[in-house]
Structure formats: structure tokens, C-alpha cells
Amino acid sequence: MSSPVQTFTPQQFHRQAHEALENPQIRANFRKAMDGLIGKRREAFDDWELETLRELGANIRLRALSRLPDLLERLEANCEANGIRVHWAEDGDDACRLITRICERHQARSVIKGKSMVTEEMHLNEHLGRAGIEALESDLGEYLVQLNEQTPSHIIMPAIHLNTDEISTILHERTGTEQTRDVDAMTAAARAQLRERFMAADVGISGVNFAVAETGTLCLVENEGNGRMTTTAPPVHIAVTGIEKVVEHLADVPALYALLTRSATGQHVTTYFNMITSPRKAGEHDGPQEVHLVLVDNGRSRIYQDDELLDTLRCIRCGACMNHCPVYTRVGGHTYGTTYPGPIGSILMPHLMGLEATKDLPSASSLCGACGEVCPVKIPIPDLLVRLRREAVGEGKGNVPGAGAKRSRKELAAWKGWQWLATHPGAWRGAAGVAGKFRAMAPSHLGPWTEYRTAPRPAKTSLHALIKRRRQEGDS
Amino acid sequence: MSARSRILDRLRQRDGKPLQAPKSDFSVVTQRGWSAQERLARFERWITSVHAEVIHCDRSDWASALARVLSDKGVKRLALGREHPVAREARAALAEGGVALVDADRDIEAWQQELFDDVDAGLTSTRGGIAETGSLWLWPTTDEPRLLSLVPPIHIAVLDAESLADTFFDVLQDHDWAKDMPTNALLISGPSKTADIEQTLAYGVHGPRELVVLLRHAASEQTGS
Numbered sequence: 001m002s003s004p005v006q007t008f009t010p011q012q013f014h015r016q017a018h019e020a021l022e023n024p025q026i027r028a029n030f031r032k033a034m035d036g037l038i039g040k041r042r043e044a045f046d047d048w049e050l051e052t053l054r055e056l057g058a059n060i061r062l063r064a065l066s067r068l069p070d071l072l073e074r075l076e077a078n079c080e081a082n083g084i085r086v087h088w089a090e091d092g093d094d095a096c097r098l099i100t101r102i103c104e105r106h107q108a109r110s111v112i113k114g115k116s117m118v119t120e121e122m123h124l125n126e127h128l129g130r131a132g133i134e135a136l137e138s139d140l141g142e143y144l145v146q147l148n149e150q151t152p153s154h155i156i157m158p159a160i161h162l163n164t165d166e167i168s169t170i171l172h173e174r175t176g177t178e179q180t181r182d183v184d185a186m187t188a189a190a191r192a193q194l195r196e197r198f199m200a201a202d203v204g205i206s207g208v209n210f211a212v213a214e215t216g217t218l219c220l221v222e223n224e225g226n227g228r229m230t231t232t233a234p235p236v237h238i239a240v241t242g243i244e245k246v247v248e249h250l251a252d253v254p255a256l257y258a259l260l261t262r263s264a265t266g267q268h269v270t271t272y273f274n275m276i277t278s279p280r281k282a283g284e285h286d287g288p289q290e291v292h293l294v295l296v297d298n299g300r301s302r303i304y305q306d307d308e309l310l311d312t313l314r315c316i317r318c319g320a321c322m323n324h325c326p327v328y329t330r331v332g333g334h335t336y337g338t339t340y341p342g343p344i345g346s347i348l349m350p351h352l353m354g355l356e357a358t359k360d361l362p363s364a365s366s367l368c369g370a371c372g373e374v375c376p377v378k379i380p381i382p383d384l385l386v387r388l389r390r391e392a393v394g395e396g397k398g399n400v401p402g403a404g405a406k407r408s409r410k411e412l413a414a415w416k417g418w419q420w421l422a423t424h425p426g427a428w429r430g431a432a433g434v435a436g437k438f439r440a441m442a443p444s445h446l447g448p449w450t451e452y453r454t455a456p457r458p459a460k461t462s463l464h465a466l467i468k469r470r471r472q473e474g475d476s
Numbered sequence: 477m478s479a480r481s482r483i484l485d486r487l488r489q490r491d492g493k494p495l496q497a498p499k500s501d502f503s504v505v506t507q508r509g510w511s512a513q514e515r516l517a518r519f520e521r522w523i524t525s526v527h528a529e530v531i532h533c534d535r536s537d538w539a540s541a542l543a544r545v546l547s548d549k550g551v552k553r554l555a556l557g558r559e560h561p562v563a564r565e566a567r568a569a570l571a572e573g574g575v576a577l578v579d580a581d582r583d584i585e586a587w588q589q590e591l592f593d594d595v596d597a598g599l600t601s602t603r604g605g606i607a608e609t610g611s612l613w614l615w616p617t618t619d620e621p622r623l624l625s626l627v628p629p630i631h632i633a634v635l636d637a638e639s640l641a642d643t644f645f646d647v648l649q650d651h652d653w654a655k656d657m658p659t660n661a662l663l664i665s666g667p668s669k670t671a672d673i674e675q676t677l678a679y680g681v682h683g684p685r686e687l688v689v690l691l692r693h694a695a696s697e698q699t700g701s
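Chains as they are written, first to last, in the numbering used here: chain A, 1 to 476; chain B, 477 to 701.
Source of the hints: derived by calculation from the structure; they are not laboratory data. Warning: the hint list may mix true and false statements.
Cβ pair distances, simulated, as ranges [as the list claims (entries may be wrong)]:
no., chain 1, residue 1, chain 2, residue 2, range
1, B, Phe502, A, Thr164, 39 to 45 Å
2, B, Phe502, A, Cys368, 50 to 56 Å
3, A, Thr164, B, Gly492, 46 to 52 Å
4, B, Ser525, A, Trp418, 41 to 47 Å
Below, a list of computed lysine-lysine pairs in the DSS-like style, where the Cα atoms sit at most 25 Å apart [as the list claims (entries may be wrong)]:
no., chain 1, residue 1, chain 2, residue 2
5, A, Lys437, A, Lys416
6, A, Lys378, B, Lys499
7, A, Lys397, B, Lys493
Treat the numbers as computed from the prediction; the structure is a model and nothing was measured. For glycine and all other residues, C-beta sits at the position ideal for the given N, C-alpha and C.
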């Protein structure tokens with residue numbers, strides 16, 4: 001049986017986390033996958049001066065961000081000069097409308113898609129569907145997830161939550177493929193099913209990994225060939241990207257590419273690195289007649305305002321932070337209920353959805369620091385998680401939509417009381433003495449804390465008093 | 477006001493501190509200093525590690541190596557260009573044999589179905605290779621269009637040993653890519669693959685199932701095999 005259709009939301013994070021933790025299949029699928037990825041990444045960087053390379057990666061992204069408005073204009077000018085039409089979208093809906101209009105101008109009925117997280121972010125497929133345009137995902141993982149009416153559970157490996165048997169069932173039930181445990185046979189079946197669709201598609205829609213301002217070039221990283229197919233076979237190609245994906249020079253690309261493939265899947269290189277600089281030129285025999293680039297803001301320019309939160313925009317979407325996250329590994333990607341799960345999702349989604357909806361995400365971390373340590377562009381993810389926790393309770397700068405959504409008067413009063421007590425030694429000693437005296441009355445149930453632990457009980461004599469007594473005894 | 481000017485205005489009127497643009501030190505992605513032999517060994521090790529096949533051959537006699545590959549793999553229909561020396565020499569050598577030669581320098585609209593359904597292999601030249609990652613680099617042309625290296629189940633690529641560079645960064649610099657980018661530039665490292673089904677590697681998804689590199693050596697060189 002394929003898993004039933006279920007909708008996940010960040011508001012339900014706690015309930016979804018409980019359900020995932022109690023699902024041995026989810027636990028096993030993620031544990032196995034993440035352990036594998038951690039090992040492969042380590043091996044892939046074996047021969048490298050990793051710290052120097054990460055430093056360079058961070059530095060390239062920082063330089064791009066420091067010149068972001070100028071680089072976007074330069075990218076636009078160079079793309080236009082090459083014949084790529086550039087569009088700007090304030091938010092996801094804006095982008096969906098734009099893309100739908102382009103499709104409608106070409107009387108498109110069927111769209112083939114390469115992997116693109118930004119189009120997941122704006123729910124483009126549903127939007128196109130409402131306009132009577134069928135959008136089919138062509139990345140194998142995305143295809144499986146779409147067949148199963150789900151969303152990706154990982155930004156690089158969308159179907160990582162499914163195991164071979166489950167996938168076999170999905171392919172059987174949805175496409176009539178004969179049930180098998182042979183991965184090659186299943187892959188061949190998907191290849192055959194999609195070939196016709198590539199040929200027939202009116203429009204191809206893809207994401208972008210790096211957009212090079214200097215040359216007006218769109219770079220796409222992939223293994224399957226579906227990205228090349230999507231951007232070459234249909235007569236129209238629409239590339240969609242967040243505004244932060246721009247880099248200044250072509251020479252900036254190799255370092256980021258080296259970091260991306262090794263961090264993401266532990267590959268020393270992907271099968272294809274596809275660099276697109278123009279539509280089909282006169283005399284050329286294939287490739288789309290029209291190429292469009294849609295630059296999507298969707299909250300990014302707001303993140304850009306804050307000196308600390310700005311680092312979020314350095315991300316190159318490798319997913320290493322989730323692969324190494326002990327929380328993600330246990331609860332899986334769907335639990336977060338957001339387009340981007342895991343640590344990067346927890347620092348990005350609050351900006352896109354507001355903290356009212358996502359207030360639990362920055363706390364869905366033990367702050368172990370693994371995400372920050374493996375990030376190829378050195379985003380200080382743990383610091384940003386702490387910053388967003390402060391924003392969530394209204395103790396930050398208020399630069400995040402919905403700041404203060406988690407503020408609770410009771411919690412605030414408790415902390416204020418604690419703060420006062422801890423900075424007034426006399427009162428502290430008095431309170432410690434009282435607590436020691438009435439220790440038998442200390443509650444044995446303290447909410448979720450005591451679900452798996454015994455409640456703490458105040459000591460009969462405080463440490464302070466003990467030391468004082470010992471000193472007096474020593475003196476005598 | 478347009479979305480464009482609103483977005484750019486917001487970025488320009490940033491509240492925070494002025495942003496510093498750090499200088500980048502690229503030495504970590506260049507200056508490998510490998511010898512020709514080392515380059516060759518690395519290239520071969522990496523590209524075969526992702527299931528490509530490397531066949532060493534002599535420059536003067538490479539077309540007979542091609543003929544052997546075609547017959548070993550049972551290729552009946554080979555798509556290829558006409559202008560590039562690789563295509564010209566291949567056509568001359570294969571003229572007599574039993575392999576049907578399919579012209580690739582045609583508008584795709586005229587032969588898409590044929591390319592997708594009936595062609596067994598595509599032959600292309602390459603501009604060079606990258607030792608560090610075991611990659612080929614191609615700039616598709618009117619003679620050898622983009623889909624030629626993607627759609628047929630077998631891609632046969634011809635690479636000259638002396639065109640190997642150490643790193644991707646070196647290729648960009650040495651050949652001054654930024655000055656004049658082609659419509660499409662490609663790095664190809666192995667046949668198409670996926671690990672989307674429970675991380676089990678499978679080759680031959682939407683692109684070729686097999687990549688054969690005919691690595692040509694000048695007559696005086698030692699063949700690395």
C-alpha cells in the first residue's frame with residue numbers, strides 16, 4: 001500500500017513529529033539514507049583543503065550578496081542581450097501568474113518540469129493545474145512524489161522517505177508498471193513513461209543553481225538528464241530562480257559547484273553541468289526558441305535588510321544541513337510541513353511564511369551545531385536559529401514577519417522573576433532556603449519535561465550553604 | 477511602480493551596515509601542477525568510477541576503434557554531424573560497413589521522433605576534458621546539436637589526450653569562456669544516473685545509458701592503458 005495522502009503544516013509540527021517518531025518505516029528510511037550521505041560527503045572531501053574551499057565558497061556568496069542589486073541588473077542586461085527574456089516577481093503568486101501567462105501565450109497544455117524548489121515554494125503545479133495546464137515532474141524522485149500526491153521530503157532527494165517496496169507499489173498502482181524490486185527495471189519504466197512526455201511538452205520549466213551576472217548564463221546541476229531534456233526539447237524554456245542565486249563571475253562557479261555536489265550527495269561531480277546562455281540562435285538545430293528567466297523575491301529582499309539574517313541568503317541548497325541534523329534524521333522532512341525542511345528550512349521558512357505559522361521550527365533543534373559545521377558556505381545556522389527564537393518571543397529586532405508570535409506572558413514573567421532572583425543574592429539565598437525546606441512539596445509532573453525524566457527536586461541544603469559550612473569547619 | 481523597481485529599491489535601501497565585498501582567493505580550485513600522465517590517470521579513474529568506458533586509441537587509427545565499439549554494442553543506427561573532422565573521418569571509415577549513418581545537423585522538428593525512437597548511438601567531438609572530476613566539456617554546435625549527446629541510449633565522445641586540463645576553473649580561464657559563451661556549454665561526467673529509489677544507483681535515466689570515451693593519443697605518445 002502506498003501511504004495515504006496527508007497534508008502537513010508547520011503549525012502541526014509537534015503532532016507530526018510524534019507521528020513520525022512512532023513510524024518505524026520513516027525512522028528506518030531516513031536513518032539509513034542520512035548515515036549513507038554523511039559518510040559519502042566525508043569521503044568526497046578527503047583530498048581537499050575543505051576549510052579553504054568553504055572559506056572561498058562563503059566569500060563568493062558574500063561578494064554576490066554585497067552587490068546584489070547591481071548584479072541582478074547586470075544579469076538582466078546580459079540575459080536580454082543574449083535573447084533571454086527576464087521577468088521579476090514580488091512573490092510566489094506573482095511568479096505563478098507570470099509563468100501561466102507565458103504558457104497561455106503559447107497555448108500550452110502540457111508542461112514538463114525539471115527539479116526546482118522555488119516552484120515548490122510557490123505551488124506552481126497547482127496554479128498551472130487551475131489554468132488547465134498539466135505540469136509533470138521529470139526528476140525521478142519528484143515524479144514519484146507527484147504520482148503519490150505528496151511533496152518532497154528532502155530538497156535534493158525528494159522521495160527519500162519512500163523505500164523500494166513502497167515505490168514499486170506506487171509505480172504499479174499509478175502507472176501500471178509491473179511490481180518489482182529491481183531498481184533498474186523501475187528506472188527504465190519511468191524513462192519510457194517520460195520520453196513521450198518530453199517530446200510532447202509545450203513548455204519546459206526548470207530551476208537555476210547559479211545565475212552568472214557577468215555572462216547572463218544559467219547553470220543547472222543534475223544527474224538524470226531530465227534537466228537537459230526539459231531545457232532543450234520543448235520549444236519554450238522558463239527558468240525560475242530566487243533573486244539570491246546570482247553570482248558575479250563565471251570564475252565563481254567552479255568552487256560553488258565543487259562544494260555543492262560533494263556536500264549534497266558526496267559526488268565528486270554530477271553527470272551534467274548544463275550552462276544556458278541563450279535561446280536557439282539562427283542556424284542552430286535544437287534548443288528552445290524562447291527562454292525566459294523569472295526572478296522571484298518572495299521575502300528575500302526583506303531578509304536582505306538585516307545584517308545577521310542576511311547570511312541565510314548565502315545558501316546554495318545542498319541539503320547537507322538536513323543530512324547531518326539529528327532532528328531531521330528522526331522526524332523526516334514532511335514533519336516540518338514546509339517547502340524547505342531541516343535546519344535551512346527552520347531559518348528560511350519563518351521569513352517566507354511568518355513566525356505565526358512557523359514559530360516551532362527554530363526550536364526544532366538541539367543546537368548541536370552540526371549544520372553550521374558542514375554548511376559549504378559557512379552559514380552560522382545555529383546562531384540564526386537562536387536569533388529566530390528571540391524573534392519568535394518578541395525579544396529580537398522585529399525584522400521577521402510575525403515576530404513575537406510565541407510570546408507568552410506566563411513564560412516571560414517566569415524568566416523575569418528568575419532574572420531578578422539570580423541578580424539579587426540575598427533574595428536568591430532566601431528562596432533556596434525556602435525551596436529546600438519545602439522540597440517534599442515539589443511537583444513530580446512538569447509538563448513534557450517529565451514524560452521521559454524524573455522531576456528535579458531541590459536539595460535539602462543549597463550548594464552555597466554547603467560551601468559556607470565547609471569553610472567555617474575548615475577555619476575552626 | 478513595477479515589481480522590478482520595487483525589488484531593486486528594497487535591496488538598495490537596505491537598513492543594515494554597508495556590505496563589504498571580500499576578495500576571493502581561487503588558489504584552492506587551480507594550480508594542481510599535475511604531469512600529463514597524472515592528468516590522464518586521474519581523468520580515467522574518475523570517469524570510469526561513474527560507469528563511463530574509456531577506450532585508448534591511436535590518433536591515426538581511431539575510426540577503427542569506433543567501428544569495433546559499434547559492432548560490440550550492436551549499434552545499427554549512428555547519429556553524427558558532417559562538418560567536424562571527427563564526423564568526417566567517422567563517415568569515411570564507416571561508409572562501407574553495415575551501420576546506418578543518420579545526419580544530426582537537421583532541425584530537430586524534422587526528425588525528433590526518429591532521434592528519440594530509432595537512433596542507437598550519438599557520436600560527438602569534445603572540446604576537452606577535466607582531470608580532477610573526470611569530465612568532458614562540449615559546446616554543442618549546428619553540426620553537433622545539443623540533443624545528440626543526450627537522447628540516444630549510447631553516447632560516444634571523442635577526446636584528445638592533450639586537451640585534458642587539471643580543473644574546471646582552469647578550463648574557464650585558459651579558454652576564456654566568459655568572453656563569449658555559446659548557447660549551451662556542457663560538462664558531461666558519465667552516463668545519466670539516479671539514486672532516487674532508496675539511494676540505489678541506476679544508470680540510464682533520461683539521458684544515455686552508456687558513455688564511451690574514445691581517448692585519442694598522438695602516435696608518439698604512450699597509450700595510458
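Cross-check of the supplied hints:
Remark: the range hint 39 to 45 Å for Phe502 of chain B to Thr164 of chain A is upheld by a beta-carbon distance near 43 Å. Our hint of 50 to 56 Å for Phe502 of chain B and Cys368 of chain A is violated, since their Cβ atoms are close to 33 Å apart. At about 49 Å, the beta-carbon gap between Thr164 of chain A and Gly492 of chain B stays in the expected band of 46 to 52 Å. At roughly 58 Å, the beta carbons of Ser525 of chain B and Trp418 of chain A sit outside the given window of 41 to 47 Å.
Only pairs whose Cα atoms come within 25 Å are accepted, and Lys437 of chain A paired with Lys416 of chain A is accepted, the gap being roughly 24 Å. For the proposed pair Lys378 of chain A and Lys499 of chain B, the alpha carbon gap of about 16 Å is at most 25 Å, so the pair holds. Note on Lys397 of chain A and Lys493 of chain B: the hinted pairing holds, with a Cα-Cα distance of about 15 Å set against a maximum of 25 Å.
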